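Respectively, the protein sequence lines represent chains A and B. Position 43, counted from 1, in the first sequence is what my numbering calls 240; the numbers after and before it change by one each time, with no gaps. Position 1, counted from 1, in the second sequence is what my numbering calls -18; the numbers after and before it change by one each time, with no gaps.
These are computed hints drawn from the structure, not numbers from a lab. Note that this is a predicted model, so its numbers are computed, not measured. Every residue gets a Cβ at the ideal spot worked out from N, C-alpha and C, and that includes glycine.
Partial list, computed: chain A residues near chain B (C-beta under 7 Å):
1) T205
2) K209
3) R216
4) T415
5) S422
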Amino acid sequence: MNRHNIITVYVKELKHSLRDRRTLLSMIIIPTFVIPALTYGVGKIATKVIAEAREETPVVMLLPGGDSPGVVAALLRSRTMKIVPASANYRQLISDKKIRAAVKLPAGFEAGLKAGTAESVLILYYEGELKSSLAAGELDRFFRDLRDQTVKARLAEHQLPASLIKPFEVKRENVAPPEKVGGNLIGGLVPYLIIILCFTGAMYPAMDLTAGEKERGTMETLLCSPVARGDLVLGKFLMVLTGSLSAMLLALTSMGIMLFVMGALMTGAGGGRAAGVAVAAAQAHSASATLPSIDPDGILGVMALVLPVAVLFSAILFTVSLFAKSYREAQSYVAPMTFIVILPAAVGLLPGIDLNVRLALVPLLNLSLVCKEMLSGVWHWSYIALIFGSSCVYAGAALALAVKMFNREDVIFRA
Amino acid sequence: MIEARRLTKTFRDKQRGEIRATDNLSFRVAPGQIYGLLGANGAGKTTTLRLLATLLKPTSGTATVAGFDIATAPEKDRANVGFLAASTALYGRLTAREMIAYFGRLNGLAEAEIRARTKRLSEEFDMHGFLDRRCDVFSTGMKQKTSIARMLIHDPAVMIFDEPTLGLDVMAARAIVRFVRECKGRGKTVIYSTHVMSEVEKLCDTIGIIHGGRLLAEGTLAELRVRYGEADMEEIFVKAVGGEDRR
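Build out the structure end to end from the sequences listed, making use of the hints.
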């Protein structure tokens, strides 16, 4: 291994790549500007949609309830719902979003309430549709209140204390500091983004430095030089790794700056003007004005664990692209790999999946899970060591495979 | 000096089975001599030259190039070889100067030496007008000059040309032929593959006719004319490979 040769190849590849628009786009432009802008945009839209849905007074259809005038009057008085008269095609109207929900009162409901024989009230809504679900929630709340009042009245009638049906209260208290709650929320998303960015950042340099070189006829020129094949691979590989890490670091830095600015806006004179993910997260966890933040030590931990994964990605993409004769062919090999990467990364986003020894050996999923923990301040050192060790082994094997493939004539001179 | 001894390379093809691209090739090229490897497409010329440049490994047999065995000292072999082929392209996003310097560094030259040699080569090939322009905007002539400078930056003792005039116009091809002749004048060991008979007639001291991976005839142009009783190189070639139907 000749360090001078490796550095020479790396420096040339870096210069060559920085002059390539496709690599620049995937390595710098997209992670620095597009990803944070998209994240901000999606967060902003999501917040706006939820806020609009909450502000809307849902139109609810009351199905025959003529024999329950008291309940009907109470419903009509509700400020949180707009009651409209019954119509036979109420199911279609809900589907068409003309009304958000409907409520069907059983015959003699009010009388049944008094006699203690009331049948079920049926709430009709469209599952999965946000505004319909919110309307159903309002109806739920209304009838829960009515039920509570009815019970209270009955207890009072029999001169019984209210504690008869509620012998004790149950309270919940959150022990996680608000920052950690925020870390949990964002901490799921960060590893997912890191994995995707590491992969996409390595994609274009890997294809350009292998299949691209073959296609342009420069591979043979390079192979004529006295540099050992292993040194050529390492120099090129370092460039692919640079693409992978720079995409990830630039995106994280850019998003960090974005969150910092939004935090300043939230705590500053503007008060609640900040938007995006932070607001959505803040609204989700509490009414507190604290922006969700992540453990700074967690960030360092994530960086350390991401390194072998970036090596793994770079080496695999390098090897796969090396098989291709042209850039286009390499794209057809690499594009499906994106799904293989996204899947385990996305599984890590799901709630309720906890790290265990077996999962700690599954590449990508292990990183996704442990990063989520680290970013919210939970450090399972045995798992962290196992994940780092296994990732290094996978990365080393992938790099050895890349060198081996580069030495194969049928791969380099594939006709 | 190049000395090939029973150089054999076989490839495995899924449909055609084992292919012998070169079959027991033995020849010698002395310094200051141009050896022409003449053959039709698929005769084994490129494989032979790639073996000599250690881009491929021989299946059996061996060769020494500038005193280094291709099997045991491939890197030393390449350090003494300048390889130019129609398929050896330039890095389009580098300038001609960067391209030449890159190969100077890969050949272990010091920066001062690279600068001095680049200056000398750019004067020799009149490259001043485009030395700092990117290769992807070059004309064929500019590319050719840059490729030659890239090939010469480490002043190799052995020059390998694999159909270097392929796809070039008459003027560009003439420039290459002129350059190859200059290499001979400088005492380089030159091996030149082509299927263009006129180039062989003009350039080569010794001609090796290759067909189906085998060296069928070898000698000076005068010797081949006597042996085959033909004055025209094309007729000599056809007779040597056993007739027009043998492809």
